[in-house]
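Produce the complete structure using the sequences and hints provided.
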Amino acid sequence: MKLKEWMNTTGDRGQDIEVRQKHNDYNFAFIDEGTKREIRRKILKAVAIPGYQVPFGSRELPIARGWGTGGIQITLSIIGPDDILKVIDQGCDGSVNAVNIKRFVTAVTGVKTTTDTKEATIIQTRHRIPEERMTEEQILVLQVPYPEALRTVEPSEMETRRMHGEADYSRMWLYLYEEIVKFKEISIGARYPVMVNGRYIMDPSPIPRWDIPKLNMAETLYLFGAGREKRIYAVPPYTKVEPLEFEDFKFRVEDFKGAVCARCGSADTFLDEIIDDATGTRIYLCSDTGYCDKVIESKGREFKTEADQCQ
Amino acid sequence: MPIIPILDVRNLTKIYGDGCHLCLRSTGPEYETNVCRHCGSIVACSDVSFELYPGEILGIVGESGSGKSTVLKLLHFDLDVTSGEMYIQKPEARIQNLDLNGKNLFLLSAYQKRQIKNFFMGIVYQNPHLGLRMDVSAGGNIAERLIMANWRNIAMIRDRASGLLEKTEIPVERMDEPPRNFSGGMQQRVQIAKALSNDPLLLFLDEVTTGLDVSVQARVLDLIRKLQRELQLSMIVVSHDLGVIRLLCQRTVVMRYGRIVEKGLTDQILEDPQHPYTQILVSSQL
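So the protein sequences, as listed, match chains Z and Y. Heads up, the first sequence is in the working numbering, so the first residue is 1 and it goes up one at a time. Heads up, the second sequence is in the working numbering, so the first residue is 312 and it goes up one at a time.
Any given hint might turn out to be false.
[What the hints assert, rightly or not] Rough simulated footprint, nothing fancy, chain Y against chain Z, three-plus residues with beta-carbon under 8 Å:
1) 164-177
2) 243-254
[As the list claims (entries may be wrong)] In silico SDA-like links for lysine to any residue, alpha-carbon gap of 20 Å or less:
3) Y:Lys-537 / Y:Glu-488
4) Z:Lys-182 / Y:Glu-488
5) Z:Lys-184 / Y:Lys-537
6) Y:Lys-424 / Z:Lys-184
7) Z:Lys-250 / Y:Asn-461
8) Y:Lys-478 / Y:Glu-541
Hints in this document: simulated from the structure, not taken from any laboratory. Even for Gly, the Cβ is constructed at its ideal location relative to N, Cα and C.
What follows is the structure, given as structure tokens:
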């Protein structure tokens, strides 16, 4: 059976790697061992220098660059046959991008997948960090569209590298100052710049501000992969990650003004605002669907499948 | 007790191009050129040595192309030197973990040079476009310098910025306007405010009054004199205008083709010039 046909089958996928490899003729985890080793070396360097962007040779994949190839390459390089994978896109397990990546990775590795944050050993994500606290045993792989946090203030790559080298970050701060002068607050929603380990300013990928505090002194290893821009960087466990803030203009997370999830009733999660097309009413839903499902399950309520409620 | 110079500059040399062993011997005032005829390199300045004493204003005069602006840019680390030494005597430890005593500043790392620039130096360029970000508010321009010196409190930054703008006679209501909207004289004064924001020990002024009309010139010069008196700054003033030099500087250095041809007290140089070039320069003053 060809890989494509295989991926389209909906029956039992089986977890036996040998059987799987016989079927799809690809190396375990699709990319060749040499490339995987290169990426692992780059990951080690990134972990050794928290927040520093390590260039890597981003390979061609059966997915176009800009669709999570940085994250996929990291996932494929670190995954083993015993890993359990969870893939989310904007917090949702059932969105097209997440489902496709999940299918691809299982097709070439045969690993088990899950929607449960606690059960997963590797979580690949786009634009969210799961609500549930992760542990030292887990790795979170983030897909990154723009790895350079200073790009907002400086278009030249040579210049931004010099700025990182000399820790010359006054222009980023100046940008925040101007925001405060103009809008009385910092208007950055996602991609809020953070200072890692007191040294490098890092782009945390377009996660909402809500997720920024989860980066600080976390138990989990965070790996960031930008496939199109060919950069890998990392926040190792127990690393100080501070959002840029002024003494009298502190960083703050999103405020949902008391709104609760219309499905599970949670009031302490990051919520998506949904407007019903028919009635025009406004409701809020948890962005982290795996967590939402879990809460409902624990309450013993009836709920739709994960895919049904994804936006 | 002898006065210790705050800045000691020795044998400053800057060559553009590959350079050869004959460059320094085939250029200079004797040869009336700063282009080496052997390799075509340009000797922008060579063997420039001087001291700057605390609270002093030192003038550098010379015709265009004589290397006076290059000297200033080398001192402010805007350009890399070909060779030379610079020592600073710091009265207070403003930078942690950095002992500058007896250290040639040109040999420090780019990061350390930046720190010295941020904590000890201020510069005002002839063209405000070089010293200011025209799209960022005037207050933001000043804030940038303060942020470089590790200020992280918006209220304090704005307080300091408005104080400086007041001192340099910019209406504080226009603090959040970009300098693009300002007149030339106002831009120059914002530049001065920016240069003063980190309480520099050294202030470099590069042709600050060129291109301004006479009444504005007078006000900018008045401002510089007032600030110097109040803040006890040490300054280096580069100008081709002897009037500016006469008004501001106690001591003057005359440059030609990248070399110092004469140095001494300003009065002496203007009243009794020794070098033929200085004589022409002084006599051609209108």
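Hint by hint, here is what the structure shows:
Evaluation of the coverage hint for the segment 164-177 of chain Z: fulfilled, as 9 residues show C-beta separations to chain Y shorter than 8 Å, against a requirement of three. Interface restraint, the segment 243-254 of chain Z with chain Y: holds (4 residues with C-beta to C-beta distance below 8 Å; minimum three). A threshold of 20 Å between alpha carbons decides the hint, and for Y:Lys-537 with Y:Glu-488 the separation of about 26 Å lies outside it, so the pair is violated. Between the alpha carbons of Z:Lys-182 and Y:Glu-488 the distance comes to roughly 10 Å, so the proposed pair stays at or under 20 Å and holds.
Between Z:Lys-184 and Y:Lys-537 the CA atoms are separated by roughly 35 Å; this puts the pair beyond 20 Å, and the hint is violated. Straight-line distance between C-alpha atoms of Y:Lys-424 and Z:Lys-184 comes to about 34 Å, which puts the hinted pair past the 20 Å bound. As the CA atoms of Z:Lys-250 and Y:Asn-461 are separated by approximately 16 Å, the hinted pair is consistent with the 20 Å bound. Under the criterion of a C-alpha separation no larger than 20 Å, the hint pairing Y:Lys-478 with Y:Glu-541 is consistent with the structure, at around 11 Å.
The structure fails hints 3, 5, 6 (numbered hints given earlier, in ascending order).
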